[in-house]
Amino acid sequence: MHRLNDFINDLNVAPSHYRVSLLRRDDDEFHRQQGYIRDIYQHCYQATITQCMPLLLSLQERNFASQAVLGLRSAADQPLFLEQYLDTSIESAIAAAATMPVLREQIIEIGNLAAQRRIGSQRLFMIMTAALATAGFNWMTFTATPQVIKLVARLGFTPLDLGVADPSRLADKGRSWGSYFATAPRLQAGSLSEAMTALIANPQVAAQLLAERSNIERLATELERYRLNVSRGR
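So for the sequence shown, UniProt numbering puts the first residue at 1; every next one is plus one.
Treat each hint with caution, since some may be false.
When the alpha-carbon atoms are kept at most 25 Å apart in a straight line, the in silico SDA-like pairs for lysine to any residue are as follows [claimed, not checked]:
{"no.": "1", "residue 1": "K173", "residue 2": "H43"}
{"no.": "2", "residue 1": "K173", "residue 2": "Q84"}
{"no.": "3", "residue 1": "K150", "residue 2": "A98"}
{"no.": "4", "residue 1": "K150", "residue 2": "N138"}
Derived Cβ-Cβ restraints for the label pairs, each shown as a range [to be verified]:
{"no.": "5", "residue 1": "P203", "residue 2": "K173", "range": "45 to 55 Å"}
{"no.": "6", "residue 1": "R117", "residue 2": "T48", "range": "21 to 31 Å"}
{"no.": "7", "residue 1": "K173", "residue 2": "Q42", "range": "14 to 24 Å"}
{"no.": "8", "residue 1": "S193", "residue 2": "A96", "range": "11 to 21 Å"}
{"no.": "9", "residue 1": "D39", "residue 2": "R169", "range": "39 to 49 Å"}
{"no.": "10", "residue 1": "Q116", "residue 2": "N202", "range": "38 to 48 Å"}
{"no.": "11", "residue 1": "R175", "residue 2": "S214", "range": "38 to 48 Å"}
{"no.": "12", "residue 1": "C44", "residue 2": "A65", "range": "17 to 27 Å"}
{"no.": "13", "residue 1": "L155", "residue 2": "A184", "range": "19 to 29 Å"}
{"no.": "14", "residue 1": "S214", "residue 2": "T48", "range": "32 to 42 Å"}
{"no.": "15", "residue 1": "A96", "residue 2": "R169", "range": "15 to 25 Å"}
{"no.": "16", "residue 1": "N63", "residue 2": "S214", "range": "10 to 20 Å"}
The set of hints was computed from the structure by calculation and includes no laboratory data. All C-beta atoms in this analysis are idealised placements derived from N, C-alpha and C, irrespective of residue type, glycine included.
Starting from the given sequences, assemble the full structure and let the hints guide the process.
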């Protein structure tokens, strides 16, 4: 967030009107947003989502209308869903692609992205990226459909490609995912510091991040607490 703060005095940006919440399984709202994810995946892919990530990040209008939701899971907390597609651990896969050492506790998985409109998913992705970078995570990893790959590209960021998501690696061979795998999703990993550099380099995106500054700072505090707790085995 240090580089974002460089813009604060130069830009007059109105605060955001969005509500952004980090939800856990014991939150009532978690289950409502989980239902939203299931409905979107059923509508788009005829998929049956049986479980979601342990954390959900939701973007809502002030009237509580959902705009976008995504799930989060620290690699230090439990095995990642996308590791089923890999022949090695996620930290080894990223280290090989990035040609640098990568620690497991530095990685967070993104999944369950659901939105009715592109504008919602794009804004939530920006907020999430800034909050994760501020919270001390170094790498994000996710399974990306062509639609998600385009979303990330529009933000000026190019992640590492770790290979194809092969449904035959899953216990049910991907049957519960409907037509999802017909989109040929790819495994991706991105440096959060590089993502932030790309976001801030775009004046329009930087202005949107500034509008979300209070949401980002609050989320970063919660996510840092989560990162530290799981790294300590709590």
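| Violated constraints from the hint list, given by number and in increasing order | 9 and 10
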